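Can you build the whole structure from these sequences, using the hints too?
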Amino acid sequence: MDISSFYSEVTLALVAIGLVLVDAVLWPRQSSRGNGYLALFGSLIALTFSLWEWEASAIGYSVGDAISQDAFSAFFDVLILSAAVGVLLLCLHEAQSRVRDEFYILLLLSVLGMMLAVSAVDLLVAFLALELAGLPLYVLTAGEGRAGIRGEAAAKLLHWGLLSSAFFLFSAGLLYMATGATALVDIATYWSGEDVDDVARIGAALLVASLLFKAGMVPFHYWLVDVREGATTSLSAFMASAGAASSLAILVRILTTGLGPLHPIWVPSIAAFAALTIMAAALMALNQRSLKRLLAYLVVVQGGCFLAGFGSGRAEGLAAALFWVVIAALGIVALFAVVLLGSSPRQTNPSLSAYGGLGRERPWLGLLISISLLSVAGLPPTAGFHARLFVVYALVDAQLFWLAILFVVSLPLTFYACARLWIYMYFRPVPTALRAEPSAELFAVLLLAATAALGFGFAPDILMETARSAAASLM
Amino acid sequence: MDYALLILVCMPLVCGLATSVMPAGGWRIVAVGCGVLEAALALAVFYLAGAEAAPHFVVRYEWIPSLGISFYLGADGLSAALLLAIAFVFMAALYAAQGRGESIALLCATAGAVGATVARDFFLYCFFCEMVVWPLCVLAALRGGKYRESAALQFALHNLLGGTLLLFVAASAIYYQRQAGLMVSLAIEPLVSTPLPLSFQFMALVACALAFALRTSLFPFHTWALLWHRAVDRSSSMVVAGVILPLGAYGLLRFALPLCTEAIGTWRVVNLPLLVASALAVTLLILVERHPLRQLSLIASCQMAWVAIGIASLSMEGVQGAAIIIIGASIAGAVLSCLLERDEERTVAVVVSWSRWGVLWAVLTLAGLPGLGVFPGYLQIAIAGGGQWAWWLAPLGLVAVLCAVWSLRFFAFSGRTNTPQLSRNQYIALLPLVLYSCVIGLYPPSIAQGSLSAVNEIASMTVGSQRSSSAEADSSAKSSEEP
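Protein sequence lines correspond, in order, to chains L and R. For the first sequence, my numbering assigns the number 1 to the initial residue and increments by one for each residue that follows. For the second sequence, my numbering assigns the number 1 to the initial residue and increments by one for each residue that follows.
What the hints contain is simulated information worked out from the structure, not anything from laboratory work. Fair warning: this is a prediction, and the values are worked out from it, not measured in the lab. Using N, Cα and C, we set each Cβ at its ideal position, and we do this for glycine too. Misleading hints may appear alongside valid ones.
Claimed, not checked - Label pairs and their computed distance ranges (CB to CB): (1) CYS10/R <-> VAL25/L: 54 to 62 Å; (2) VAL63/L <-> GLN179/R: 37 to 45 Å; (3) TYR37/L <-> PRO23/R: 31 to 39 Å.
Structural data, given as structure tokens:
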């Protein structure tokens, strides 16, 4: 087995094990910031390896029929690790008051699970990777955060997470019963045959439903908002960016590789789910008063936009969706940084009014937040504007004019949801309660996200070409 | 001078950044200096390129090659004439701005507006147009009155929806170009020279009509502008009246007309009555409106309806008239919104005694008095109206005159104050606008020669192609009738 394709995963595993030892031996009962910096350093090394693997074309390697290191998985590896770096910076800001030492170890293990999950081309390996990604999140949601609501969040995440995992396993079993295989390539071969069993069809439908459940798409979204609200802010940011992206990536891989021959059936279904998700979540986001809940709904909208691009059923559409998910993930991490800015030790779930007058009080901070908001809302000069064009073009190209029009109509709704935070920042008075001082880590997250949004806004083709090559490896 | 347009687009952004870090006292010099430099450079561009139909100072880079999108700037007669008006408006607005944040937002808006004016790629036009939205919302937030929040939100939502519809048209154009096996490009030349299928044109016409109605505040989408002028300060009001609305109309002329010429021709029987009804409705609203700032917004909306009528007439004269009204209305609208004094809550708007002559001039210009900036436009559209639809113009013209008389009474003989908020320099900053408008009004062919020749080129291509396709359709119909 050639290990050179897995340097980033191995690095993460080693750093996680190292952190356990360091925590036990060197820094017992001490501040977790040291562990945080070690985790951040390890993630940066893993990110460097991922980029190197991409550059060196150390891709296209498979471990049997279980894991495939192709351009698609490399794309998501870089995205997940970038989101993890941003989240670790948020953790370091939050660590001053609330984060325990185990947080970083469990977070790295979850990242490792997500990276394996996006590479998995076997249903059992995908299941194991999903569980590796999910179990640390159950523990972290239950163990961290404000006592009142974290219990509800943990219970919901555990309950619905395990239910979706059970459905995944059950559907994998049904597919195995019918096809005699768990490898996606073999399952794809089965659909080309003449006698397709109904059990296999039911298995495929349940498999897609379980993944939509994990990604929190409408109508499977109801658990997600409470979980985001109850978990600590950095954990919510992690689940909303890397977590959502990896769930969508697994869905894409299973649909294109394992259920590829069922293309005429799943393409319209995904388009319908996209339409439902975009409109329903955008409408529900409109009257939220808590920033965390607002962001939770915005994440669902972004997921719907991803599905819209992918639902076009073409490589260009998938590339547009990949472009979208990168921009959305970066913007969402930055906006969760804004949540921390309005938080206090007593109030970890700030309402929008906590940001009154922020734009006038701290103009530079206001500018950075505004750029991230513009990117999520899809306004120029940020990359969100190009993402809009790419998705609309993909839909028109696939002759899904109805979805393109619906997408166009939904954008002002998304904009309005984003504009509500902006209105408080610039139009409303400064609240009497003290706001958190932005730490260097928080400022770094906002600055990096804004730079990426503007950079990809002025040179969108760099990211789009990468997305195209990732999409081409699947479709 | 080769990179004059690039400098015009980038300089305000650089100066905006400089303004934000300059010490107190220095930032104003940078902001106003940038406004003056922009105006001077725009004047030079107008002098060198304003008489030509072909684009000058062309800057072209491939931006998103896979979709045929390029960063393509160029100034022909039409864009140079509008560029000059917009640069003058921003110079006056920067003079009138009172705070650092306000100046930065205005400079960012300048970059977007200038970029949209000289953009020769449809996507680039959409990009720059939407770039203006956010700074104007910041302006409203910083200096707005009681209704600033809903005004900013309505303005942004209307413009964003319009922008997204245009993006949909751009995406569809790429798709249809690929379908037809044409070279994929959103640059203006291929869009004009290779007409797209009629099915696309009908869809594009509906989307473009909606988008421009939203952006130019045509009736019944005029409510955001009513609220805007009443809620914001002088600079923001000037920018919307003198830049945002004309830019929307300019896009209609520059990009929508070539994109859907045949569809406009086919649906003329529907378009024209709708537009005339829109103009008539707004004119009637002016008669019952008592707030000067809302009246100002309605007058601007009425001008935009005239522009759309000129374009929809699909005749050479109509299109030329539309181009003249765009520039004339931009100037007069900006001057009028600058001269109206506002209180903090924007509940009262009054005229300073000695500047009422300026107000009178602007109202007369907008009303189309011969010898002033907008009159040649009205005249051209009236000439274009000769023939089957001329009678529609009669009631419209009559009501327009009534409206003008009413506006005169309202503006020139009511609410005055002797304590102007503008300084002498700020009044002086308005002079170039007034001069420019007077020159257009007194002798349009000389000063607007380039503008007209550029419009002629658009009109000859689009109207010519429409006529030729109609002629082909007629000849094929005749040949099918013959035994």
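Check: Okay, VAL63/L versus GLN179/R on CB: inside 37 to 45 Å?
Finding: 43 Å, holds
Margin query: Given the hint of 31 to 39 Å, is the C-beta distance from TYR37/L to PRO23/R inside that range or not?
Written below: 37 Å, holds
Next item on the list: Using the Cβ atoms, figure out if CYS10/R sits within 54 to 62 Å of VAL25/L.
Entry: Given about 56 Å between the Cβ atoms, the range holds.
Taken one by one, the earlier hints all hold for this structure without exception.
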